[in-house]
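Heads up: the sequence lines are chains P and C, in that order. For the first sequence, the residue numbers in our numbering are 55 to 381. For the second sequence, the residue numbers in our numbering are 10 to 519.
Rather than coming from a laboratory, the hints here were simulated on the basis of the structure. In this text, all values refer to a predicted model and were calculated from it rather than measured experimentally. It is possible that some hints are incorrect.
[Claimed, not checked] In the EDC-like style, the derived pairs of lysine to aspartate or glutamate whose C-alpha atoms are separated by at most 20 Å in a straight line are:
| id | chain 1 | residue 1 | chain 2 | residue 2 |
| --- | --- | --- | --- | --- |
| 1 | P | 357 | P | 201 |
| 2 | P | 342 | C | 147 |
| 3 | P | 193 | C | 470 |
| 4 | C | 178 | C | 470 |
| 5 | C | 178 | C | 442 |
| 6 | P | 211 | P | 174 |
| 7 | P | 332 | P | 355 |
| 8 | P | 333 | P | 352 |
| 9 | P | 357 | P | 170 |
| 10 | P | 193 | C | 151 |
| 11 | P | 211 | C | 470 |
| 12 | P | 368 | P | 285 |
| 13 | P | 232 | P | 372 |
| 14 | P | 380 | C | 195 |
| 15 | P | 273 | C | 360 |
| 16 | P | 166 | C | 195 |
| 17 | P | 232 | P | 174 |
| 18 | P | 375 | P | 358 |
| 19 | P | 273 | C | 195 |
| 20 | C | 294 | C | 442 |
| 21 | P | 115 | P | 336 |
| 22 | P | 365 | P | 248 |
[Claimed, not checked] Restraint-style ranges between C-beta atoms, simulated for each label pair:
| id | chain 1 | residue 1 | chain 2 | residue 2 | range |
| --- | --- | --- | --- | --- | --- |
| 23 | C | 490 | P | 364 | 52 to 60 Å |
| 24 | P | 372 | C | 11 | 52 to 60 Å |
| 25 | C | 476 | P | 239 | 17 to 25 Å |
[Claimed, not checked] One-sided excerpt, in silico: chain C residues whose CB lies under 8 Å from chain P:
| id | residue |
| --- | --- |
| 26 | 200 |
| 27 | 211 |
| 28 | 352 |
| 29 | 432 |
Even glycine gets a Cβ: it sits at the ideal position worked out from N, Cα and C.
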Amino acid sequence: MSRMRRVTLLLTGVSVAVLVFSGWGFSAEKYPAKPIQLIVPYAPGGSSDVLARTVEKAWTKYSPQPMIVVNKAGAGGVLGTEYVVRSKPDGHTLLFAYGSGCDLVMPHLQQKMPYDPLKDVVPVARISIHSVVVSVSGKSQFNTMKDVIAWGAKGNKITSAVSTAAGAVDIVMRAIAKRTGVPITTVPFSGGAEAATALAGGHLVIGGGHPSEVLPHLKSGRFRPVGVALDRRDGSLPNVPTLKEQGIDVATWGSVKGVAVPKGTPPEVVEYLSATLKKVCEDGEFKKTMATIGQPVDYLDQKDFAAFMLKASKDYADLIKELGIKL
Amino acid sequence: MDIFSGLLDGFAIALTATNLLFCLLGAIIGTAIGVLPGLGPAATIALLLPITYVIGTPVTAIIMMAGIFYGAMYGGSTTSILLNLPGEAASVVTCIDGYQMAKKGRAGAALGIAAIGSFVAGTLAVVGLTMFAPPLAEFALDFGPPEYFALTTLGLLLAVTLSGGSIIKGLIILLFGLILAMVGLDPISGKIRFTFGSIGLQGGFDFVTLAMGVFGLGEILYNLESTMKTEIVTTKLGKVFPTLGDWADSRWAICRGSVIGFFVGIIPGGGAVISSLASYAIEKKYSQHPEEFGQGAIQGVAGPESANNAASSSSFIPLLTLGIPGNAAIAMIFAALMIQGITPGPFLVAEHPDVFWGVIASMYVGNVMLLVLNLPLVGLWVQMLRVPYGILAPVIVLFTTIGVYSTQNQVFDIYAMLFFAAVGYLMRKLDFDPAPLPLAFVLGPLVERSLRQSLLLSGGDPAIFVSRPISGILMVIFVLLIVGQTIFFLRRKWKRRCCVPVPPETEKSL
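Construct the complete structure from the given sequences, taking the supplied hints into account.
Laid out in structure tokens, this is it:
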């Protein structure tokens with residue numbers, strides 16, 4: 055029997071070793087030589103994932119090689135991003151949802167980052183901006199954010215459902231409280247869907263989320279939008295006024311959704327990707343799907359997107375400093 | 010909209026050749042990934058999503074994905090019973106008594122009752138889904154943070170009673186599970202805690218990783234130590250169809266499991282895992298012979314397996330009626346619908362009756378297919394047992410490793426699983442019952458978050474837990490259970506001290 059045990063131990067060890075240490079093999083041929091991995095650093099089913107899969111669907115029309123969406127969730131996006139940063143810079147491993155919280159917000163909260171989100175990746179193209187839509191329950195008495203603030207100024211307690219602590223929605227709520235001087239108690243949930251459910255149940259006064267998260271609730275009348283926290287109206291909800299229009303001086307970039315590649319990727323590859331993504335963004339079917347899922351198309355090419363990321367990161371840094379958010 | 014005409018239209022859609030084919034395909038894939046440890050429905054649906062763009066109408070795609078989801082609940086029990094390894098996260102508790110039954114040569118009865126229970130519960134839940142979807146969804150919305158807190162604390166109390174050994178050891182495991190659940194992000198402040206600088210730990214441990222490590226690899230490590238005559242190899246399948254006695258023992262467990270699963274599945278964040286754990290605890294509580302639990306009680310298989318199936322069907326209710334995905338697999342189906350241009354929510358019935366009724370009708374059909382796949386063909390799966398342990402064990406390790414990796418595509422999870430394997434091994438060595446661990450781990454974050462959310466809402470006033478009707482009632486049940494247990498405990502102690510000496514086995518089963 056001890057022989058059997060040795061065999062078992064050996065095979066067990068080998069099978070683990072093979073799986074732990076196996077990597078992806080790459081070969082150098084004319085680009086794109088093989089399917090392109092699109093790494094989504096968030097869980098399947100979320101708004102970034104839905105967007106990635108919408109891009110993937112249209113991509114095949116314009117490129118000889120397909121895209122494969124791979125979800126590598128964990129540590130708020132850091133794990134998946136780190137995976138791309140450490141990948142071979144040959145354009146076969148792309149980072150999706152570049153410009154989300156882990157790239158624009160986290161670095162300013164004194165988190166130790168294993169990479170520099172502005173320097174270790176090269177921006178390729180911006181696809182969309184997910185703004186923060188402040189909403190109230192459909193049964194609520196309020197129609198605008200101004201009403202909510204006026205109600206709070208009378209001494210009523212404003213509670214707000216936010217998707218995560220120090221996330222895009224939380225920052226917007228804190229900014230509103232700071233700029234208007236009316237306190238808002240933010241209650242963090244584990245993700246946008248749960249926060250939305252709690253607001254739909256009427257357990258809190260206000261809440262917020264990206265258009266794709268709140269759209270099903272807006273359609274059903276369970277939510278009423280009271281303001282968009284962007285410097286202009288959101289393309290997917292053109293009838294909802296911004297907070298600035300209501301005299302509340304709060305605008306953030308929400309969560310930006312772009313594509314990036316590891317530093318050192320050849321410029322012609324970046325150019326090819328950027329140009330092909332432009333075709334995807336102009337595709338009729340793609341635009342139609344984007345409208346249904348509540349995500350505006352906000353394309354920028356590699357140069358403009360790089361400049362935008364620098365500005366957006368600085369805007370967030372200034373805002374976080376002003377609000378004094380520390381972890 | 011008339012339910013019956015809607016359902017008839019639904020059957021007209023579900024019974025077309027294409028949709029039948031994809032329903033069967035979903036059921037087969039679902040059973041297979043259910044049998045394979047670690048590979049879960051969410052990861053599988055994610056992998057198959059690109060195919061769904063091209064297989065025709067949205068309803069066909071959703072029928073297949075739904076089949077994978079509830080099919081996995083059928084398959085999961087097989088691995089639990091035959092290998093003491095949860096094939097699916099929701100089948101963790103099935104290991105406890107299912108494996109003991111298999112060891113006693115009653116694998117066939119265990120597999121049979123699991124399949125029959127799954128079928129009964131799955132069908133009952135679909136009937137419930139058909140009749141009561143909209144009002145139940147509204148009820149689920151009434152669950153705010155205080156209600157969650159009351160419900161989950163009640164769950165923790167049940168977790169201790171899950172333990173087969175002493176209450177003290179059960180409490181130790183419970184606290185260990187809660188501590189493990191605290192690793193990662195603080196749910197309210199967003200601070201990172203207990204990670205010791207590891208980035209991989211920032212998101213906390215994954216449930217599948219923990220379950221596979223403690224229950225699967227831990228068991229294999231423990232077996233390596235003993236000179237295994239591999240008693241499972243000699244196990245005969247026995248009769249698949251349960252005897253009349255088995256049926257009498259388990260029919261109420263199946264009914265209770267169906268009801269528990271149905272309601273837990275509706276609550277967002279509830280789902281199949283919690284429902285199966287809750288059902289096991291309740292079966293043990295209600296049983297005339299609680300000492301049989303852990304030794305191969307058929308109710309311990311019938312109840313949880315029914316519950317997880319009912320929950321997987323009823324978790325479609327918040328998705329289809331409110332547009333709220335309650336768990337990872339449903340979130341994938343939610344994403345698939347959105348990409349196909351269909352927004353799940355209250356208008357789904359009116360705007361896309363083909364999708365709503367077609368999918369529901371297909372679930373009736375799918376459950377029948379799964380019963381056929383799992384009952385007469387179960388001998389196929391049992392062939393796994395005839396493989397010598399020296400080959401079987403590495404194969405299991407291989408599949409659990411792939412499975413764990415596939416949940417998040419992170420190598421870190423494989424290391425974490427190895428750590429939990431060591432934990433599981435030590436627990437067996439030191440005679441700790443690992444059963445309360447998964448429940449504490451699942452409920453821990455919910456308890457903490459809902460407690461702190463409630464106190465944020467009330468401004469620190471604990472009265473919020475008793476002043477709201479639902480949480481108030483749950484709190485009363487909680488207190489009654491504790492008082493009842495204490496009186497029971499004291500009376501026994503008092504009896505033992507002054508009257509009859511109690512044999513040591515009874516003391517152990519407390």
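Problem set entry | Given pair status - residue 470 of chain C, residue 178 of chain C, alpha carbons within 20 Å | Violated: residue 178 of chain C and residue 470 of chain C sit about 33 Å apart, past 20 Å.
Exercise. Regarding the pair residue 333 of chain P and residue 352 of chain P, is the alpha-carbon distance no greater than 20 Å?
Worked result: 13 Å, holds
For this session: Take a quick look at whether residue 365 of chain P and residue 248 of chain P sit within 20 Å of each other, Cα to Cα.
Result: 31 Å, violated
Exercise. Between residue 273 of chain P and residue 195 of chain C, does the CA-CA distance stay at or below 20 Å?
Worked result: 33 Å, violated
For this session: Report holds or violated for the interface hint on residue 200 of chain C, using the least CB-CB distance to chain P and a cut-off of 8 Å.
Result: 5 Å, holds
For this session: Would you check whether residue 352 of chain C satisfies its interface hint, that is, whether its CB is within less than 8 Å of any CB in chain P?
Result: 5 Å, holds
Exercise. Between residue 476 of chain C and residue 239 of chain P, does the C-beta distance stay in 17 to 25 Å?
Worked result: 18 Å, holds
Exercise. Within a Cα-Cα threshold of 20 Å, do residue 375 of chain P and residue 358 of chain P meet the stated pairing?
Worked result: 26 Å, violated
Exercise. Under the criterion that the straight-line Cα-Cα distance not exceed 20 Å, is the pair residue 294 of chain C, residue 442 of chain C satisfied?
Worked result: 17 Å, holds
Exercise. Keeping to a limit of 20 Å between CA atoms, is the pair of residue 178 of chain C and residue 442 of chain C held or broken?
Worked result: At roughly 8 Å apart (the allowed maximum being 20 Å), residue 442 of chain C and residue 178 of chain C satisfy the hint.
For this session: For the pair supplied as a hint, residue 380 of chain P and residue 195 of chain C, confirm whether the alpha-carbon distance does not exceed 20 Å.
Result: 13 Å, holds
Exercise. Range hint 52 to 60 Å: satisfied by the CB atoms of residue 490 of chain C and residue 364 of chain P?
Worked result: About 59 Å separates the Cβ atoms of residue 490 of chain C and residue 364 of chain P, which means 52 to 60 Å holds.
When each numbered hint is compared with the structure, violations occur for hints 1, 2, 3, 4, 6, 17, 18, 19, 22 and 29.
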